[in-house]
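K.L.:
Listed below are the residues making up each chain.
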Amino acid sequence: MAVLEEPIKGAPMAKNYIGGEWVESKGEIIDVVNPATYETIGRVGISTKEEIDAAVKAAQEAFYDWRRTPPVARCRYLFRLGQLMEENFEELSRVQTQEHGKCIDESRGETRRGIENVEVACGIPTLMMGDSSEDIASGIDEYLIRQPLGTFGIIGPFNFPFMIPLWSAPYAVATGNTIVIKPSSEVPFSQTKLCELVEEADFPPGVWNMVHGGRTVVSGMLDHSDIEGITFVGSTPVMRDVIYPGCGNTGKRCIAQGGAANILVIMPDCNVEATIPGLMTSFFGNTGQRCLSGQTLVIVGDDDTFYREFMEKVTARAASIVVGYGLDESVQMGPVRDVKKKEKILNYIEIGMKEGATLRLDGRKATRIVGDYPDTCFLDATILEDVDPEMRIVREEIFGPTMGVIRAKNLEDAIEICNESPYHNGHAIFTSSGKYARQFQYDVISGNVGINIGIVAPMAFFPFSGMVGSFLGILHTQGKEAIRFFTESKVCIHRWF
Amino acid sequence: MKISTASETISFVKELEEKAAGFYEELSRRYPEGEDVFLSFAKENRKYFNQIQRAYYSVITDAIEGCFAFDLETDDYALNTDLPEDTSYADAVARALALEEKIIEFYDVAADQSMSLMADVPRNFKIVTRKRRDRIARLKSLV
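Protein sequence lines correspond, in order, to chains A and B. According to the working numbering, the first sequence holds residues 1 to 497 in order. According to the working numbering, the second sequence holds residues 1001 to 1143 in order.
Okay, chain A solo, but in the shape it has when bound (with noise of 0.2 Å):
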């Protein structure tokens, strides 16, 4: 199969998007590297404190009219956007992979979760409908309204550089707030293409903001008052060392989403054949770099066959993936996003056979890269055997494409291994028994539960939620928490004499 063509050409500069205005930042200016094949796709500005309250102002200074606007009128300029999206679905896909370095497909499946936040977000004038009790008292009356609360900040990461900002922005302007969107700087493009089709839809001036950066950028939000809230996607100590407190410094509202390091148990009786696919996904897809990756897989029983022929399967599965640039629809998994992460991933891999466990599927090196691409950000998959809970590779969040296998006795020993990780994000069973299935969910700490899932990302109409380790905050991002978050609850009592 071709390579398809490439979106991003020129090697442009990513502008902020500031009151409707395309401006370009006058702080650093940094390359932005593809890192498939390691060339400079286009530069990005890492905007100041001056661009940042620059834009706050002017999302400020729309939200008067904005959340005057009616509901039913507000969801029309979403309507727009999603049809242009839509119209765009091939291109903003594109962008992604070229940017980040993930399939095709995956990019694809991003493109189309972003729109559905952006169609649940449509529901608005139903979705924000408050309360109201009739005769609280005698001739008393009570209802509820939700009103918007100003400007909010979104913080996206590097990963899902379309989807995740989405996670929030629909919901907070469908509910008459304004917004200022950071996307990482290391992948500008898929947010400032999305802010292009913002700006057809025709939305007022200043009601949909991006300043591109980094920690200048995060600072300033954290630290302006005229900011009501932030929703952050990023890892666990940025958002309990940065983003949660400095949000309660300065009394915002906050969803903090962090890391994650999922856990996934086989019970003896899944359907293996059914089951493999689900793994590779998992631990391989947008090569392990999601907060709903696996990073361990816990076999359950002591049936020492069962575990070998299921281990040759995996192994047979994940040896044969194929590597390379997303852009070649016949690649199965993509590049890690740069040198520095992959690094990392490399770093954990030793700590983790120096900790005792044995490398069955050697990825260290990808030797099987499809294409004439350079191997910097490239990795085989990796799996690792004989591995012990307590280990690092089990307790700390890799984020590469890596597999680490546990055996535990029963099923309660394995979800007592989910409850003790750190994370709490998206653990999973596989399993072919309701018994077994019903236990899992009734008793692991997650925040995601997948049932033969191995992907648990929740549709746009349900929360995506999180628990300890992986998440701060009370409310999530998208659908109906999320137009709570978005909206003041006001109650209002009447009496007429």
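Careful, some of the hints might be misleading.
[Claimed, not checked] Looking from chain B toward chain A, a few residues come up when the C-beta cut is under 10 Å (computed): (1) Lys1002; (2) Ile1003; (3) Ser1007; (4) Glu1008; (5) Thr1009; (6) Ser1011; (7) Thr1061; (8) Ile1064; (9) Glu1065; (10) Tyr1077; (11) Leu1079; (12) Thr1081; (13) Val1109; (14) Ala1111.
[As the list claims (entries may be wrong)] So the derived label-pair ranges between C-beta atoms look like this: (15) B:Glu1015 with A:Asp223: 53 to 61 Å; (16) B:Glu1015 with A:Glu199: 54 to 62 Å; (17) A:Ser132 with B:Arg1123: 27 to 35 Å; (18) B:Glu1025 with A:Glu90: 23 to 31 Å.
Read the hints as simulated data drawn from the structure, not as lab findings. Quick reminder that beta carbons are idealized off the backbone N, C-alpha and C, glycines included.
Got chain A; can you put chain B on it based on the hints?
P.N.:
Then chain B, alone, in the frame of chain A:
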């Protein structure tokens, strides 16, 4: 060539349907007695691809095994669209029947392999298969 990902499978569907459409356009030029039928088949072929591509774009998400969905060998579904100058009308129709059988075989296998993974995709594969079976009856009625 072995294909495994949803993306390359959809591209292969395009290749099959385009090749079949080109074949029917050639038949329509050579055999006026079947022109209307052949041209309608060519038009349908492109519609079938659009239908399947739309289903794929609608259901592909990061939660399903798009990169690991299929295990197909394209050589198993190679279409013979060569049509020597002296091919009779009956032989040309027979060639079309063979081509349809081959495409149906592909869709049947692809539908089975994507059954639990791709939601609307196998349903659309089956819809196209069903329509193609009707087409076989029409082709047989031509001679």
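K.L.:
Does Val1109 of chain B hold up as a contact with chain A if the rule is Cβ-Cβ below 10 Å?
P.N.:
Violated: closest Cβ of chain A sits about 16 Å from Val1109 of chain B, beyond 10 Å.
K.L.:
Was the hint right that Tyr1077 of chain B lines chain A, CB cutoff 10 Å?
P.N.:
15 Å, violated
K.L.:
Does the CB of Leu1079 of chain B sit less than 10 Å away from some CB of chain A?
P.N.:
17 Å, violated
K.L.:
Classify the hint on Glu1008 of chain B as holds or violated, based on whether any CB of chain A lies nearer than 10 Å to its CB.
P.N.:
4 Å, holds
K.L.:
Hint Lys1002 of chain B vs chain A: min CB-CB distance below 10 Å?
P.N.:
8 Å, holds
K.L.:
Take a look at whether the Cβ-Cβ distance between Glu1025 of chain B and Glu90 of chain A falls inside 23 to 31 Å.
P.N.:
Taking Cβ atoms as reference, Glu1025 of chain B and Glu90 of chain A lie about 26 Å apart, which means the hint holds.
K.L.:
With chain A as the partner, please determine if Ala1111 of chain B meets the hint condition of a C-beta pair closer than 10 Å.
P.N.:
16 Å, violated
K.L.:
Using the nearest Cβ pair, does Thr1061 of chain B come within less than 10 Å of chain A?
P.N.:
4 Å, holds
K.L.:
Quick check: does the Cβ-Cβ distance between Glu1015 of chain B and Asp223 of chain A fall within 53 to 61 Å?
P.N.:
56 Å, holds
K.L.:
Quick check on a hinted range of 54 to 62 Å for Glu1015 of chain B and Glu199 of chain A, using CB atoms only.
P.N.:
Violated - the Cβ-Cβ distance for Glu1015 of chain B and Glu199 of chain A, about 37 Å, lies outside 54 to 62 Å.
K.L.:
Is the shortest C-beta separation between Ser1007 of chain B and chain A less than 10 Å?
P.N.:
Holds: closest Cβ of chain A sits about 4 Å from Ser1007 of chain B, inside 10 Å.
K.L.:
Is the hint on Ser1011 of chain B kept, meaning its closest Cβ partner in chain A is under 10 Å away?
P.N.:
Nearest chain A Cβ about 6 Å off; hint holds.
The structure does not agree with the numbered hints 10, 11, 12, 13, 14, 16, 17 stated previously, though it agrees with the rest.
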